[in-house]
Amino acid sequence: MPSNPQLKLMTELLHLEGVVVTNYQIITDIGIVLHLENMSRESQCIHCGSKTEKVHQNNELTIRDLPFGEQALYLRINRRQMRCEKCGKKFTEELNYLPKKRTYTDRFRKKIVAEVLNSDLKNTAERNGVSEQEIETMLKDLGEELITAKPQGLKKLGIDEIAMIKGKGNYYAVLVNIDTGKIIGLGEKRTEEALTEYLKHWEEEVLSQIEEVSIDLWIGYKNVAEKLMP
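Position 215 of the sequence shown, counted from 1, bears residue number 215 in my numbering, the numbering being contiguous throughout.
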C-alpha cells in the first residue's frame, strides 16, 4: 500500500480538481492506474438544484487521461448515482473533468484533437492507443459544444483542416483563435457553403472584430473570408 506522502505527491502530479489519489497500480504493457476519490460528498441535483449527499448507487469505471511520461494513464473513478432528498429524483453526478457518456477526460480529448490537427486520424489513433472511431466521436462532440458558443475578443482567426484520411479529400474544417491557440469552431464538412453557414452564426458582432485571417491554401477558405470578413 502506498504511503500517505506518496499519495499526496501523486494527487499533486495528477493536478485534477476535486479528487485525491487513494491507490495506484503499474500494470505491465498497459500503464498506470490511479484510484481516485471525490473530495466532496455532496452533489447538486440536476432537476431542482438542491444539494444532496444521499448516494443511490456507486458506479465504478476506468477512464483514459493524459499519459504520464511514456506510460498510458488510466483513472479508476466512482461516478455516483445520487437521490435528491428534496425532490426525490435520481441523477448521475456531473464530474467537471469527464465529458458526458465518455470514457476519457476532457484534457485527454483536447490532446488528441490537437494532435490530429498536425496529422490524421489513423496515425493519431495508433500513437495513442485509441480507435479512429473514438477520435471521430471526440471531434463531433467538440464541434457540437463549440457551435453553441460565440468567441470573445477574437482578432486573429485561423482556418485550418483535419484530414480524416490522408490523401482522400475528407476533411474537418477547424477554426482557431491565433492569439490563444484554442480551437473555437469545428465543422464536419470542408465546403464554402458549410463554412459560411457556420461563421454566420457568430453574427456581425464577432465577424466585424476580426482583423486578420490566416487560411490554408484551399481557395474556398479565401472566398469565405473575403465574403464575410472583408
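You may find that some hints are simply not true.
[Said to hold, decoys possible] Cut-off 25 Å, straight-line C-alpha distance, at most; resulting in silico cross-link-like pairs (SDA-like, lysine to any residue):
| hint | residue 1 | residue 2 |
| --- | --- | --- |
| 1 | K111 | I183 |
| 2 | K100 | R83 |
| 3 | K110 | S50 |
| 4 | K111 | E145 |
Hint data in this document are derived by calculation from the structure and do not stem from the laboratory.
Everything numeric in this text was worked out from a predicted model, so none of it was measured.
Structure versus earlier hints, numbers of those that do not hold, lowest first: 3
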